[in-house]
Structure formats: structure tokens, C-alpha cells
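Student: Position one of the sequence shown corresponds to residue 7 (this note's numbering), numbered consecutively onward.
FYI, nobody ran anything at the bench for these hints, they're computed from the structure.
One or more of the hints may lead you astray.
Subject to a maximum C-alpha distance of 16 Å in a straight line, what follows is the list of computed EDC-like cross-link-like pairs (lysine to aspartate or glutamate) [to be verified]:
no., residue 1, residue 2
1, Lys71, Glu117
2, Lys157, Asp211
3, Lys268, Glu254
4, Lys20, Glu31
5, Lys163, Glu201
6, Lys268, Glu232
7, Lys268, Asp228
8, Lys163, Glu108
9, Lys94, Glu108
10, Lys34, Asp69
11, Lys276, Glu232
12, Lys50, Glu23
13, Lys80, Glu9
14, Lys214, Glu284
15, Lys50, Asp69
16, Lys34, Glu63
17, Lys80, Asp110
18, Lys182, Glu87
19, Lys264, Glu284
20, Lys98, Asp69
21, Lys21, Asp69
22, Lys80, Glu108
23, Lys80, Asp104
24, Lys94, Asp104
25, Lys21, Asp55
26, Lys171, Glu191
27, Lys276, Asp228
28, Lys37, Asp69
29, Lys193, Glu254
30, Lys123, Asp104
31, Lys94, Glu126
32, Lys250, Glu284
33, Lys94, Asp110
34, Lys12, Asp135
35, Lys98, Asp110
All values derive from a computational prediction rather than experimental measurement.
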Amino acid sequence: MFELAKKQTLYVEKKVEFGLYLVPEELKEKKVPASNEHVLLPGKYAPKDAHRGDAVEVFVYLDSKDRPVATTVKPLLSLHEVGMLTVKEVGKIGAFLDWGLEKDLLLPFSEQTRPVKKGERILVALYLDKSSRICSTMNVYPYLSTASEYKKGDAVKGIIYETSKNFGVFVAVDGKYQGLIPAREVKGPVAIGEEVTLRVTGVRDDGKLNLSLHKPAYLEMDEDAEKIFKLLKSYDGVLPFSEKASPEVIARETGMSKNEFKRAVGRLYKERRITISEDGKIRLV
Numbered sequence: 007m008f009e010l011a012k013k014q015t016l017y018v019e020k021k022v023e024f025g026l027y028l029v030p031e032e033l034k035e036k037k038v039p040a041s042n043e044h045v046l047l048p049g050k051y052a053p054k055d056a057h058r059g060d061a062v063e064v065f066v067y068l069d070s071k072d073r074p075v076a077t078t079v080k081p082l083l084s085l086h087e088v089g090m091l092t093v094k095e096v097g098k099i100g101a102f103l104d105w106g107l108e109k110d111l112l113l114p115f116s117e118q119t120r121p122v123k124k125g126e127r128i129l130v131a132l133y134l135d136k137s138s139r140i141c142s143t144m145n146v147y148p149y150l151s152t153a154s155e156y157k158k159g160d161a162v163k164g165i166i167y168e169t170s171k172n173f174g175v176f177v178a179v180d181g182k183y184q185g186l187i188p189a190r191e192v193k194g195p196v197a198i199g200e201e202v203t204l205r206v207t208g209v210r211d212d213g214k215l216n217l218s219l220h221k222p223a224y225l226e227m228d229e230d231a232e233k234i235f236k237l238l239k240s241y242d243g244v245l246p247f248s249e250k251a252s253p254e255v256i257a258r259e260t261g262m263s264k265n266e267f268k269r270a271v272g273r274l275y276k277e278r279r280i281t282i283s284e285d286g287k288i289r290l291v
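Construct all of the structure, not just a fragment, from the sequences and the given hints.
Tutor: Structure below.
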């Protein structure tokens, strides 16, 4: 039989005024398929020179009356795939997403991890509900793979889809793979739906990726040192606070943690670009 929400090869069973009826390979020699054994490819998508038995690549979904229908248009998502879609409107039973086909894709309220609004781009997975309706869900975790080929040190891109105070930030790497930024690595605000560049810090035994928003420490130290150097220039060569300042003051003035600030100051001191007086004042040389 044909499969819902999947791209597949079907075969022309007969031509009609309004399109082509298609059947799966095992039924292409059957003279009179039952109504539930063939699917309509509307005329606007049908190859003009098609004949009985010809193969056609199509995607099968449900029309406005929940009847299977074929199309040669490639949707933005297929069954069990994960991707970013745009909310077209929010109705009484949920939100409706643009997935590239005539009939919009339903995102039921029960499958929303947070309220969504018109025009917003959100990360979803495609599934069939208990009634075999094609729907989407924001609970994408079960649809993400752990079979990536990434290794420690690799740079990757991902989409943030969930946050947890206990665990950290959950990321769909390449929109396909399970990744986590551990809570200890999250030092600032992050937004669900944000697309980020990350570094793989480890691959767990189960294949899930541990990630970091930060570059390797030696690279970050160089960048932080230059940031402090420029800040010193803006203060006429003397910082108005020292390494003994509170973490809140350091974060407000530099955007760094206290440890990052101290490492950057240590780098500048080692390079003899600054001096540190007995009272803790940091000055340009």
C-alpha cells in the first residue's frame, strides 16, 4: 500500500479527466483496484504524457476532507523528520504551519511545549496521530538521532528547542541529532528557536553530543585579553575595578565570569602589557 507522509514511487493505474490514479508496485497489474488501494494525483501535478504502468515520484498526504491525495511537490518535512516551520495561524484546535503544501500542517495544542504565534518559526517533528492524521509536535526529542559522525572538537550548528535548569539546554544538531549544553556551560540567556554555532566537547556512550557555546579556553583567553586591553584604553589606561571586585561588577563591565576575567588579566600581565599595583589597580604599561 502507499504510505502517508512519505515520498514514494507509485504507478499510473488509470487516467481520468481530473488527474491520475496511482497504485503501489504490487498492485500495478491489478485491473480494478479497490477505492482504498489507489490514490489520486490531481491533474495540475500529473505528467501530461503519462501512461498506465508509468512510475511517478510523489508524496502522499491528506486533503481538506482527510482523503489521501498525491502531489509531486516536495514538502518541507516528511514523516519523523525534524525542521523549522513557520506558523501561519493559530486556530481553535491548535496552530497551522506552512510546510510547502496546499493544506497546512496541524500543530495540536497538546503538542506545543509553549504557546506559539503567527509568523513565528518553530522546530517541529512530523508524525501520524492515533487516527492516522498527519500532525506535528514540538516534542522533537524522540525524533532526533544519536548516530552522528561528529567527534570531540568539531564545530556544529544547532537549534535550541528546550531548556532545563537541572540539565541545561537541549539542541537539535543539524536538525537531526541529540545534543545538550550542560547547565554549567550556560552563562547567559538563550532563546528557544535560536540557531547557534557550538563546539562538541564529548560524545557520550549512547551517541548523544555534549556541547559548548564557547571556544576552547586558550582561544577564549586570547579574545578576553584583547577585550580587557581595549577596555583599559577606554578608561584612560586604568580600570576602575580590580580582580577583587564582585562577580556581578565584573560581569556587568566585561561580560565575563570572574575566573575568565582573572585569566585574561593574567595573560596581559604575562605579556607585560599591564601592571598590577599593590592596591590591585590594573594599568596599561
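Student: So, for every hint listed, does it hold in this structure?
Tutor: So, going through the hints one by one against the coordinates:
1. Lys71 to Glu117: 22 Å, violated
2. Lys157 to Asp211: 12 Å, holds
3. Lys268 to Glu254: 14 Å, holds
4. Lys20 to Glu31: Answer holds: Lys20 to Glu31 is near 14 Å, not above 16 Å.
5. Lys163 to Glu201: Holds: Lys163 and Glu201 sit about 7 Å apart, inside 16 Å.
6. Lys268 to Glu232: Cα-Cα ~13 Å, so holds.
7. Lys268 to Asp228: 12 Å, holds
8. Lys163 to Glu108: Violated, at about 31 Å.
9. Lys94 to Glu108: 12 Å, holds
10. Lys34 to Asp69: 24 Å, violated
11. Lys276 to Glu232: 13 Å, holds
12. Lys50 to Glu23: Roughly 11 Å between the alpha carbons, so the hint for Lys50 and Glu23 holds.
13. Lys80 to Glu9: 15 Å, holds
14. Lys214 to Glu284: 49 Å, violated
15. Lys50 to Asp69: Since the Cα atoms of Lys50 and Asp69 sit roughly 15 Å apart, the hinted pair holds (cutoff 16 Å).
16. Lys34 to Glu63: Given that 16 Å is the threshold and the Cα spacing comes to 15 Å, the pair holds.
17. Lys80 to Asp110: Roughly 14 Å separates the two Cα atoms, so the pair holds.
18. Lys182 to Glu87: 8 Å, holds
19. Lys264 to Glu284: Status violated; Cα separation ~20 Å.
20. Lys98 to Asp69: Distance ~19 Å between Lys98 and Asp69 Cα, so the pair is violated.
21. Lys21 to Asp69: 20 Å, violated
22. Lys80 to Glu108: 11 Å, holds
23. Lys80 to Asp104: Holds - the C-alpha atoms of Asp104 and Lys80 are around 13 Å apart, at most 16 Å.
24. Lys94 to Asp104: With Cα atoms ~6 Å apart, Lys94 and Asp104 stay inside 16 Å; holds.
25. Lys21 to Asp55: 10 Å, holds
26. Lys171 to Glu191: 12 Å, holds
27. Lys276 to Asp228: 12 Å, holds
28. Lys37 to Asp69: Measuring from Cα to Cα gives roughly 26 Å; hence the hint is violated.
29. Lys193 to Glu254: With a Cα-Cα distance of about 13 Å, the restraint between Lys193 and Glu254 holds, given a limit of 16 Å.
30. Lys123 to Asp104: This hinted pair holds, its Cα atoms lying about 13 Å apart.
31. Lys94 to Glu126: 8 Å, holds
32. Lys250 to Glu284: 12 Å, holds
33. Lys94 to Asp110: 8 Å, holds
34. Lys12 to Asp135: Given pair Lys12, Asp135 holds - Cα atoms ~15 Å apart, limit 16 Å.
35. Lys98 to Asp110: 14 Å, holds
Taken one by one, the earlier hints fail for this structure at numbers 1, 8, 10, 14, 19, 20, 21 and 28, listed in ascending order.
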